[in-house]
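Asks: Sequence lines, in order, name chains A and B.
Quick note: the first sequence uses this note's numbering, first residue 1178, plus one each step.
Quick note: the second sequence uses this note's numbering, first residue 1478, plus one each step.
FYI, nobody ran anything at the bench for these hints, they're computed from the structure.
Please note: incorrect hints may appear among the correct ones.
[Said to hold, decoys possible] Derived pair list, reagent style SDA-like, types lysine to any residue, alpha-carbon separation capped at 25 angstroms:
#, chain 1, residue 1, chain 2, residue 2
1, A, Lys1248, B, Gln1518
2, A, Lys1182, B, Pro1538
3, A, Lys1214, A, Asn1234
4, A, Lys1233, B, Glu1580
5, A, Lys1182, B, Gly1561
6, A, Lys1233, A, Pro1288
7, A, Lys1182, A, Glu1271
8, A, Lys1231, A, Ser1189
9, A, Lys1233, A, Ala1218
10, A, Lys1214, B, Gln1521
11, A, Lys1182, B, Gln1521
12, A, Lys1233, B, Tyr1582
13, B, Lys1534, A, Asn1274
14, A, Lys1182, B, Gln1518
15, A, Lys1214, B, Pro1538
16, A, Lys1233, B, Asn1579
17, B, Lys1534, B, Leu1560
18, A, Lys1233, A, Asn1244
19, A, Lys1248, B, Gly1535
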Amino acid sequence: DQQVKQNSPSLSVQEGRISILNCDYTNSMFDYFLWYKKYPAEGPTFLISISSIKDKNEDGRFTVFLNKSAKHLSLHIVPSQPGDSAVYFCAASETGNQFYFGTGTSLTVIP
Amino acid sequence: KAGVTQTPRYLIKTRGQQVTLSCSPISGHRSVSWYQQTPGQGLQFLFEYFSETQRNKGNFPGRFSGRQFSNSRSEMNVSTLELGDSALYLCASSWNPGTGANEQYFGPGTRLTVT
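This is chain A alone, in the form it adopts within the complex (with noise of 0.2 angstroms):
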């Protein structure tokens, strides 16, 4: 079963506008999330992540917002550079326990 689900398998922006990337979970026991980075023939590259007691974590043009009672973060990049393009995948873990993957989305930012 799919623990962390990333419904979009592709978004396309424009250099300078937001990209929100979104991820939905289920488990509700989740406590810690990370979003990653991955480019062709490269491992993913840890992007920022978010513990379950905050609702916002920034780091430059990167933003987590984590929804708990609807199991939802999203990641926001602003201003989107054609550097971004890349697959992102979020991940959620319990602590002390294994991390479950989505399935990633493929971000195209058009220059």
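Using the hints, position chain B against chain A.
Replies: Same frame as chain A, now just chain B:
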């Protein structure tokens, strides 16, 4: 600080054979996790090792096994290879996920092709 390294990067094997993949974590990291990535399936968790002990295990058959050495390096073994085992195998290390928020750092992966 050197990142996570995985060897080999590419591997071609025949059905029925076995394969061993290697992962060296970031220095100081004690936890190593293995994932299988296939198109459309995202990253599927195989297992996690900490201090030479398997701490978590995913839903993969017993043909998939692993171990961790005292220097935290880890190996993953797949026996009796099947065509469906063709995938990118990723290794990730972290300091210790069990003690709170710990992001994982991934290696470049080993691309296994079974023919």
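Asks: For every hint, state whether the structure bears it out.
Replies: Outcome of the hint check:
1. A threshold of 25 angstroms between alpha carbons decides the hint, and for Lys1248 of chain A with Gln1518 of chain B the separation of about 21 angstroms falls inside it, so the pair holds.
2. Distance hint between Lys1182 of chain A and Pro1538 of chain B is fulfilled; the C-alpha atoms sit about 24 angstroms from each other, no more than 25 angstroms.
3. A threshold of 25 angstroms between alpha carbons decides the hint, and for Lys1214 of chain A with Asn1234 of chain A the separation of about 17 angstroms falls inside it, so the pair holds.
4. Taking the CA atoms of Lys1233 of chain A and Glu1580 of chain B, the gap is near 17 angstroms; set against the 25 angstroms cutoff, the hint holds.
5. For the proposed pair Lys1182 of chain A and Gly1561 of chain B, the alpha carbon gap of about 23 angstroms is at most 25 angstroms, so the pair holds.
6. Restraint check: the Cα-Cα separation between Lys1233 of chain A and Pro1288 of chain A comes to about 29 angstroms, which exceeds 25 angstroms; the hinted pair is violated.
7. For the hint linking Lys1182 of chain A to Glu1271 of chain A, the alpha-carbon distance of about 16 angstroms falls within 25 angstroms, and the restraint holds.
8. Our distance criterion of 25 angstroms between C-alpha atoms is broken by Lys1231 of chain A and Ser1189 of chain A, whose separation comes to about 29 angstroms.
9. Of the pairs offered as hints, the one joining Lys1233 of chain A and Ala1218 of chain A is violated, with about 31 angstroms between alpha carbons and a cut-off of 25 angstroms exceeded.
10. Distance restraint check for Lys1214 of chain A and Gln1521 of chain B: the Cα-Cα separation of roughly 16 angstroms lies within the 25 angstroms cut-off, and the hinted pair is therefore satisfied.
11. Taking the CA atoms of Lys1182 of chain A and Gln1521 of chain B, the gap is about 13 angstroms. The hint holds against a cut of 25 angstroms.
12. Taking the CA atoms of Lys1233 of chain A and Tyr1582 of chain B, the gap is about 22 angstroms. The hint holds against a cut of 25 angstroms.
13. Between Lys1534 of chain B and Asn1274 of chain A, the direct Cα distance comes to roughly 9 angstroms. Compliance with the 25 angstroms bound is thereby established for this hinted pair.
14. Our distance criterion of 25 angstroms between C-alpha atoms is met by Lys1182 of chain A and Gln1518 of chain B, whose separation comes to about 11 angstroms.
15. At most 25 angstroms may separate the alpha-carbon atoms for a hinted pair to count; Lys1214 of chain A and Pro1538 of chain B exceed this at roughly 29 angstroms.
16. Our distance criterion of 25 angstroms between C-alpha atoms is met by Lys1233 of chain A and Asn1579 of chain B, whose separation comes to about 18 angstroms.
17. With a C-alpha separation of about 22 angstroms, the suggested pairing of Lys1534 of chain B with Leu1560 of chain B holds against the 25 angstroms cut-off.
18. Between Lys1233 of chain A and Asn1244 of chain A the alpha-carbon distance is near 9 angstroms, which keeps this suggested pair within the 25 angstroms criterion.
19. This hinted pair checks out: Lys1248 of chain A and Gly1535 of chain B have alpha carbons roughly 23 angstroms apart, not beyond 25 angstroms.
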